[in-house]
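**Q** Work the whole structure out from these sequences, hints included.
Residues per chain are reported as follows:
Number of protein chains: 2
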Amino acid sequence: MDIEALATGILAGERRALARAITLVESGRADHRQSAMALIERLNAADHGRQAMRIGLSGTPGVGKSTFIESFGMMLTGQGLKVAVLAVDPSSARSGGSILGDKTRMEHLSREKNAFIRPSPSQSHLGGVARRTREAIGLCEAAGFDVVLVETVGVGQSETVVAEMTDLFLLLLAPAGGDELQGVKRGIMEMADIILINKADGELKSQAVRTCADYAGALRLLRKRPQDPEGFPKALTVSAVEETGLAKAWEEMQSLTEWRREAGHFEARRAGQARYWFEAEVREGLLARLKREPVKGALERMALEVEAGEVTPAAAADTLLRDYLGG
Amino acid sequence: MDIEALATGILAGERRALARAITLVESGRADHRQSAMALIERLNAADHGRQAMRIGLSGTPGVGKSTFIESFGMMLTGQGLKVAVLAVDPSSARSGGSILGDKTRMEHLSREKNAFIRPSPSQSHLGGVARRTREAIGLCEAAGFDVVLVETVGVGQSETVVAEMTDLFLLLLAPAGGDELQGVKRGIMEMADIILINKADGELKSQAVRTCADYAGALRLLRKRPQDPEGFPKALTVSAVEETGLAKAWEEMQSLTEWRREAGHFEARRAGQARYWFEAEVREGLLARLKREPVKGALERMALEVEAGEVTPAAAADTLLRDYLGG
Ligand SMILES: Nc1nc2c(ncn2[C@@H]2O[C@H](COP(=O)(O)OP(=O)(O)OP(=O)(O)O)[C@@H](O)[C@H]2O)c(=O)[nH]1
Ligand SMILES: Nc1nc2c(ncn2[C@@H]2O[C@H](COP(=O)(O)OP(=O)(O)OP(=O)(O)O)[C@@H](O)[C@H]2O)c(=O)[nH]1
Ligand SMILES: [Mg+2]
Ligand SMILES: [Mg+2]
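Chains A and B, in that order, give the protein sequences.
Sequential numbering from 1 applies to the first sequence in UniProt numbering.
Sequential numbering from 1 applies to the second sequence in UniProt numbering.
It is possible that part of the hints are untrue.
Remember, identical chains collapse to one label, so a pair may be satisfied in a single copy or spanning two.
[Said to hold, decoys possible] No more than 20 Å apart at the CA atoms, straight line, and that leaves these computed lysine to any residue pairs for SDA-like:
no. : residue 1 : residue 2
1   : K291      : D146
2   : K82       : E41
3   : K296      : Q254
4   : K205      : T257
5   : K291      : L304
6   : K224      : T60
7   : K296      : E279
8   : K234      : D214
9   : K234      : G187
10  : K296      : E307
11  : K224      : P61
12  : K234      : G285
13  : K224      : Q157
Everything labelled a hint here was simulated from the structure, so no lab data went into it.
**A** Below you can see the structure in the form of structure tokens.
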């Protein structure tokens, strides 16, 4: 693997080099991992100073994420911006990755020279969803992309993961009436900087406006965060199909980012995220030892005893640490 | 330390034995820890079959937690039930523990023979907030208490900790108008089984009713959990001072618990919690190694380099694990 050539290619903004580099960070092979780390160190040392706006985007299936990315991405490339699209899909039940099949829904964007769309890898390749995506973001940034969109389907912890690696977080919701309004997972609203009610068009428009007001109300019930200027987080309506509200949404993202830059929150968040991922990698490395035999088998055996009340959690933990983890 | 005598005393429901045992589990001394574990094992082996209703109670300062516990606790002891009150206060800025000074607010309950109130220990004694409280709950249960109330001031992660050791979780809120409705920390609503709007009396009554409706609305925006029967989580108004709404709240707690018992959620939750704490103790034991020198110093040094972008999170973690943690 010619790391130097790959690094040069990426810094020159070559899509093929970028694609190959992402494949490298996605690989589970130990030698690939070594190369990936060398590449990333190499790019880090290049001190390119490029900084993309990293945008997380979450929403349940069918809410219109792909359609939104297509329209929103086309608007941005139309303004001369380079746009990369990545996906985090930890469950990855969908064969072949989440965006791949969607390239049909991103018909124009996928043919756009200033856009780069990367499907999430199939499950077999997964070697740390968070690390993979986080490193891919860094590669896109090094390749000179202005905006990196990270899509995630709202399952479990994936939003948290995405929020910890992006500068701002969008939650895409569908218009809903009355009883249907149960769809937002608790704790997700917590992360949103901007809630976008999509499909605000045709028959759904008035419903979208009402839903938007409902969520605006719900957002007001939550405590203000230091990283939010007056009026944020906010709820807006958009139509990915009719391409309305997109410019306004982009304006809000820019003004929010601007404010955070000036207030020092932007850099602080990035530094905090870097520390967060460092500590997470250390912890994961340490905890990975629990997944190796014979620790793993012993842990499960004892967990069953604990569940059954035969031994208390503390005593069982004590035994395990002493007998299997050299503590 | 005569563990056998202590165990016998607790099983006989003696308050002095219970108080001494809690002091033991709170201690940070290694020999005390050994005794505490022996005691807990001994009680576990006694197979007493006693099961309290473990109720978590959270709310910001001044919302009326102490007053509520006084009124609610007196109502329960009036019905012949034995009530224990514990506190989780991880920040413990308040000197001498959070309930101690409050005993004046629990004037009647603190003199009630069927009630047991335990202040949270001062910070110096803290040796794992979660473990201490969880084990104290177990001791109260072994001592034959019917209801164990675990109070926490809503700071950071303490609600999560309490929710993971209780059977149901109450969130106490104050009536608020319009702009004031920003007080609920995101993610907390997620845990609540019942939201109680306190101070629904006098001038505040109509405001409390409106606030209650607002939160009922907000709860409907959240996704239904499998452990909830129709209509839960719900919001109710109470007045701790006028003692209204308390019987209704208790009724709801009982019917919720009943439903969960029949549906198997109650036992499943307890078993899940036991496993959770076992795994948490194992992880904590392992991660405690990061807090010992020289690992600790190296971690902090490298974290600063990571924050400054001099080295990437993955590379830094790799180095730390290799050089300091025998990986
Ligand atoms: N009316 C209307 N329909 C839309 C809009 N955006 C998306 N849709 C439709 O909603 C359906 C789902 O859109 P997608 O973009 O595939 O949704 P998704 O969130 O990517 O779904 P998954 O990839 O399955 O998670 C499609 O039929 C779209 O045409 C919109 O703004 N208005
Ligand atoms: N009107 C009214 N006042 C109440 C009620 N409950 C409590 N209060 C008052 O609210 C104030 C705070 O009550 P506490 O019970 O000390 O509140 P707390 O939540 O325990 O506060 P901290 O211990 O500081 O976290 C006191 O002045 C109480 O008298 C109620 O039901 N109605
Ligand atoms: Mg899609
Ligand atoms: Mg109090």
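**Q** Using 20 Å as the alpha-carbon threshold, which applies to K291 and D146: within, between, both, or neither?
**A** neither (39 Å within a copy, 39 Å between copies)
**Q** With identical chains treated as interchangeable, where does the CA-CA distance between K205 and T257 reach 20 Å or less: within a copy, between copies, both, or neither?
**A** Close neither inside one copy (28 Å) nor across copies (42 Å); limit 20 Å.
**Q** As a check of your reading, is K234 near G187 (CA-CA no more than 20 Å) within one copy, between copies, both or neither?
**A** Both. Shortest intra-copy (16 Å) and inter-copy (18 Å) distances satisfy the 20 Å Cα cut-off.
**Q** Under a CA distance limit of 20 Å, which applies to K82 and E41: within one copy, between copies, both, or neither?
**A** Result: close neither inside a copy nor across copies, 24 Å intra and 62 Å inter.
**Q** Between K296 and E279, at a C-alpha cutoff of 20 Å, which is it: within one copy, between copies, both, or neither?
**A** between (23 Å within a copy, 12 Å between copies)
**Q** Tell me, please, which holds for K291 and L304 at an alpha-carbon limit of 20 Å: within, between, both or neither?
**A** within (16 Å within a copy, 30 Å between copies)
**Q** When no copy is named, should K296 and E307 be tagged within, between, both, or neither for a Cα gap of at most 20 Å?
**A** Within one copy only: 17 Å inside, 34 Å across.
**Q** Checking K224 and Q157: alpha-carbon separation at most 20 Å within a copy, between copies, both or neither?
**A** Result: close only across copies, 18 Å inter versus 23 Å intra.
**Q** Taking 20 Å as the upper bound on the Cα-Cα distance, should K234 and G285 be classified as within, between, both, or neither?
**A** So K234 and G285 fail the 20 Å test inside a copy (38 Å) and across (42 Å) alike.
**Q** For K224 and T60, with the copy left unspecified, which applies at a CA distance of at most 20 Å: within, between, both, or neither?
**A** between (25 Å within a copy, 15 Å between copies)
**Q** State whether the alpha carbon distance between K224 and P61 is at most 20 Å within one copy, between copies, both, or neither.
**A** Classified as between; 18 Å across copies, 29 Å inside a copy.
**Q** How would you classify K234 and D214 at a CA-CA limit of 20 Å: within, between, both, or neither?
**A** both (11 Å within a copy, 19 Å between copies)
Of the numbered hints listed earlier, those contradicted by the structure are 1, 2, 3, 4 and 12.
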